[in-house]
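Engineer: The listed protein sequences derive, respectively, from chains A and B. Using this note's numbering, the first residue of the first sequence is number 1, and each one after it goes up by one. Using this note's numbering, the first residue of the second sequence is number 1, and each one after it goes up by one.
In silico DSS-like links for lysine-lysine, alpha-carbon gap of 27 Å or less:
id : chain 1 : residue 1 : chain 2 : residue 2
1  : B       : K272      : A       : K120
2  : B       : K24       : A       : K47
3  : B       : K31       : A       : K38
4  : A       : K39       : B       : K33
5  : A       : K99       : A       : K39
6  : B       : K145      : A       : K264
7  : A       : K282      : B       : K145
8  : A       : K38       : B       : K24
Hints in this document: simulated from the structure, not taken from any laboratory.
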Amino acid sequence: MEQLKQEAGNKKQEKTKSVSQLLPTTSVGSFPKPDYLKKARADFRAKRISARRLEELEQKATREWVEIQEELGLDILVDGEMYRGDMATYFAEEFSGFKISGLVRSYGNRYYRKPIIVGKIRRTKPVTLKWYRFAQSLTQKPVKGMLTGPYTMMDWSFDEYYGSRRESALALAEVINKEAKDLEKAGAQYIQIDEPAVSVRPEEIGLAIEALGVATSGLKVKTLTHICYGRFDLIYPRMLKLPVDQIDLEMSNSGYDMLALFQKQPFTKEIGLGVLDVHSHKVETKETVKSRIKAAMDVIPVEKIYVDPDCGLKTRTREEVVAKLRVMVQAVKEIREELNNV
Amino acid sequence: MVQVTVVGSYPRIGDRPGEQKHRKAIDQLDKEKISWNQFEKIQDEVTKEVILEQIKLGVDLPSDGQIRWGDGISYIMRGLKGCTINGLVRYFDTNTYYRQPIIHEKLSYENPILVRDFESAQKVAGKTPVKVILTGPYTLAHLSKDEWYQDGRKLVWELAGYLNQEILALAQSGVKFIEIDEPAILSNPEDLSLWAKGIEMVAHGLSGVTVSLHLGYGNISGSWNELLQLPVDELALDLTAGHSNVSLLHRKKVTKKICAGVVDARNTLMEKETVLAKHIKNLQETLGENLAALSPNYGLEFLPRDAARKKLKLLTAAAGKINKDRKGTHHDNRTRGTTEAGSRKQEAGKN
Chain A
1 MEQLKQEAGN KKQEKTKSVS QLLPTTSVGS FPKPDYLKKA RADFRAKRIS ARRLEELEQK
61 ATREWVEIQE ELGLDILVDG EMYRGDMATY FAEEFSGFKI SGLVRSYGNR YYRKPIIVGK
121 IRRTKPVTLK WYRFAQSLTQ KPVKGMLTGP YTMMDWSFDE YYGSRRESAL ALAEVINKEA
181 KDLEKAGAQY IQIDEPAVSV RPEEIGLAIE ALGVATSGLK VKTLTHICYG RFDLIYPRML
241 KLPVDQIDLE MSNSGYDMLA LFQKQPFTKE IGLGVLDVHS HKVETKETVK SRIKAAMDVI
301 PVEKIYVDPD CGLKTRTREE VVAKLRVMVQ AVKEIREELN NV
Chain B
1 MVQVTVVGSY PRIGDRPGEQ KHRKAIDQLD KEKISWNQFE KIQDEVTKEV ILEQIKLGVD
61 LPSDGQIRWG DGISYIMRGL KGCTINGLVR YFDTNTYYRQ PIIHEKLSYE NPILVRDFES
121 AQKVAGKTPV KVILTGPYTL AHLSKDEWYQ DGRKLVWELA GYLNQEILAL AQSGVKFIEI
181 DEPAILSNPE DLSLWAKGIE MVAHGLSGVT VSLHLGYGNI SGSWNELLQL PVDELALDLT
241 AGHSNVSLLH RKKVTKKICA GVVDARNTLM EKETVLAKHI KNLQETLGEN LAALSPNYGL
301 EFLPRDAARK KLKLLTAAAG KINKDRKGTH HDNRTRGTTE AGSRKQEAGK N
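Here chain A stands alone, though its shape is the one from the complex:
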């Protein structure tokens, strides 16, 4: 807490950021789809409803989630990804050069259709731009542009064309860069390029850095990447070379083990601090969330911390999501008050 006071003191002196702006709260990306939308997606696949009707319902669900985030008082919003299925497959369906596989199992009873690279990867039209614009039109708060990173897209696809992991990752990076630039042009203040696969093959962290460099090349707005699952101990501190302003990490699921790493080697970027376990139905207590944030504040300067759940929340129920996020926002509010009083 000593450091906390000092940080707060520094902040007051600098007057660059008021306490109310510290620890901005946000989400990682996905929210659960309402039942009517799940049904509509199934109906669309079975050709019982039109694409237009499906889109109307996707918009309705997006609107609902934007409203929920506003009500909860989150600082930086997401569109909730109502129009996406799997995070890699969605982009593969929109880029050319892909086809989509039959069902493969991920774990338990979860299956997904995996992208297959069958030709040169191209972007024939903007993919997420329309949804970014739509969500941003509903709120005064910033909405993040959300993309899946080139390394992860490559790692999660079958490759029948390039025959080289590097070549396919770099081809993907080129098209993702085009999409990111379009989002920037449309006014996105934050562009998040998710790379959950980055921590899986430590020997390829160099390739992940190279590909993300291409994907973020020329961007002036704040860039961030989300990473989850894996052996962070093997890629830290090398992962700090990922060319983004902020790295968003799943922290709760691993009992905050990573803070020990950051004590040895300072975390030099902004951090998106995962404070909610997205795999658990259990709603965290406010005290748990506060203690997680404070533990991070002991090793990372407070002005570099953004607060969010560990990962996308689409596997939780709407009630769980709302309850978890409410606790998170409340915890941040109380810490801000404590900082104000020091």
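Given the structure of chain A, go ahead and fit chain B onto it with the hints provided.
Structural biologist: Okay, now just chain B, sitting in the frame of chain A:
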């Protein structure tokens, strides 16, 4: 005879009508719309379907597809007392996950884990022998969270002792072919001697059973000498074209039977028949009669079911060609049934 086999899993659902049964059943079980007994019945049905499908595609030595296994780790560990099954952890460098067992007290082995599965699978397969898959002690220890032993060696040896009991129980129930999966060892070469002792303990006292050891997620360059010393009959290796294991085998003296994983179960790209044939021919020239079987390099569950079927068809076509050629050149060996593969057939006949 070069046989065709699988190494472990088979896709439990597919995109054709009627192939979604397993997924729907779990969903209904979760919603309490069907009972556990009804669910088990469906698992039996799906197991039967995938065994018969493998046989129909020309697989000589099918597995039960590991339909009941949520993953390679928790299914075995659930059968032991002393651990609980916890959250999801990524399975090596794949985009799949396993549930991590947490060992919170001294483990104990009370009842056979896989005997019932084997007996029902073998009944379905009739005269075709079914290979039982068993995850090895090192991998189970390495991928579990140990809160009790606090000593990796002790845990491996204890698990090896239980797996030995399991393997003896399996042998007693009539199992003739066992595949031990040790996916964790190649990426942890510092533990080779511990691991080797674990395998020795598992296989201790076993007779009349052919044991194959499946390795993946790494290459065998650092462990080749140890591998040759192990008390197993066969090594099942990733030998897809271009894998560093292939050039190593071409350089070394091979004194064990090899199950060659020549088609890639982690990519939908179909191997070209002519290229595959040439690749296998090269392997055969190096390995001779030690080329005992052809298989995919990993469990087929990484592939959509249609792609898995196509890969198996490629394998059976390639094996058919080799066996035709061998028939011409090794007529005596085959008819006397003195090769490993020959005696396998005989054992299968006895079943």
